[in-house]
Amino acid sequence: KAGVTQTPRYLIKTRGQQVTLSCSPISGHRSVSWYQQTPGQGLQFLFEYFSETQRNKGNFPGRFSGRQFSNSRSEMNVSTLELGDSALYLCASSPTGGPPYNSPLHFGNGTRLTVT
Amino acid sequence: EDQVTQSPEALRLQEGESSSLNCSYTVSGLRGLFWYRQDPGKGPEFLFTLYSAGEEKEKERLKATLTKKESFLHITAPKPEDSATYLCAVQPNDYKLSFGAGTTVTVRA
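Protein chains in written order, with the numbering used here: chain C, 1 to 116; chain E, 117 to 225.
Treat each hint with caution, since some may be false.
Said to hold, decoys possible - A few chain C residues that face chain E, going by a derived Cβ cut-off under 7 Å, partial list only:
1. G16
2. Q17
3. P39
4. G40
5. F60
6. F64
7. P104
8. N109
9. L113
10. V115
Said to hold, decoys possible - As a list, the in silico SDA-like pairs of lysine to any residue whose alpha-carbon atoms are at most 25 Å apart:
11. K57/C <-> E75/C
12. K212/E <-> K13/C
13. K185/E <-> Q41/C
14. K212/E <-> G132/E
15. K212/E <-> T14/C
16. K158/E <-> A126/E
17. K212/E <-> S70/C
It is worth saying that the hints were derived from the structure and are not from the lab.
C-beta atoms are modelled at their ideal positions from N, C-alpha and C, and glycine is treated no differently.
If we strip away everything but chain C, and leave its shape as in the complex, we get (with noise of 0.2 Å):
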């Protein structure tokens, strides 16, 4: 079973322009969630998206958003950007997330986002 897919791995972008990361479940895998990681901050949950729908949000500006479509794959999008959002973002799938049951997420190799 493929696990779960992020493109691209690098990216290098400029203060001021957006960015799209895009992401691709395990097959079977309904619940997507997003997660920004830094040496400073560790892993930030920024969302989560079960059947196109936002299920939850983490505390993270609204130039930070995303989306899902009806084969579960997911992008984030992040508009004018900031030094401070360099970092690795990270995907990662589950069969259905939150409630009733508490799976385990799977998680992607991430986007190394840098912005200069």
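Take the given structure of chain C and dock chain E to it, following the hints.
Okay, now just chain E, sitting in the frame of chain C:
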């Protein structure tokens, strides 16, 4: 606010030298506690889920335990391939997973 604290930050072990990693937490209702392993340049890999105090899970040289305030990950007779960063995460009532900063384990041959 939910908090997850892992200690120590880093651990250097000799091959075969057993040790324990700690994850202490304060959370509004614990739905589950997860342990992950992360290798450099890769995403976290799921190890265990613990749901209630007293629960234990084992996998090869790893054993995870849970109390009402903390979890331990015991590494028995580690090998160099056990070198990684180990992450603890708690899932509270709102299902927003909170991760600790991790413990980086280095096992020397």
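Take the C-alpha atoms of K57/C and E75/C, compute the straight-line distance between them, and say whether it is at most 25 Å. Given that 25 Å is the threshold and the Cα spacing comes to 15 Å, the pair holds.
Within 25 Å, alpha carbon to alpha carbon, are K212/E and T14/C? 31 Å, violated
Going by Cβ atoms only, is L113/C closer than 7 Å to chain E? 15 Å, violated
Quick one, is the P104/C hint okay against chain E at 7 Å, beta carbons? With Cβ-Cβ at 4 Å, under 7 Å, it holds.
Is the hint on V115/C kept, meaning its closest Cβ partner in chain E is under 7 Å away? With a minimum Cβ separation of about 20 Å from chain E (threshold 7 Å), the hint on V115/C is violated.
Under 7 Å, Cβ to Cβ, is where Q17/C needs to be relative to chain E, so tell me if that hint holds or is violated. 25 Å, violated
Are the Cα atoms of K185/E and Q41/C separated by 25 Å or less? 22 Å, holds
Going by Cβ atoms only, is P39/C closer than 7 Å to chain E? Violated, about 9 Å.
Would the stated hint for F60/C survive a check requiring a Cβ distance to chain E of less than 7 Å? Violated: closest Cβ of chain E sits about 12 Å from F60/C, beyond 7 Å.
Against chain E, with CB atoms and a cut of 7 Å, does the hint on F64/C hold up? Violated, about 15 Å.
G40/C as an interface hint toward chain E, with CB separation required under 7 Å: 9 Å, violated
Would you check the hint for K212/E and G132/E, treating anything up to 25 Å between C-alpha atoms as holding? Distance ~37 Å between K212/E and G132/E Cα, so the pair is violated.
Checked against the numbered hints given earlier, this structure breaks hints 1, 2, 3, 4, 5, 6, 9, 10, 12, 14, 15; the rest are met.
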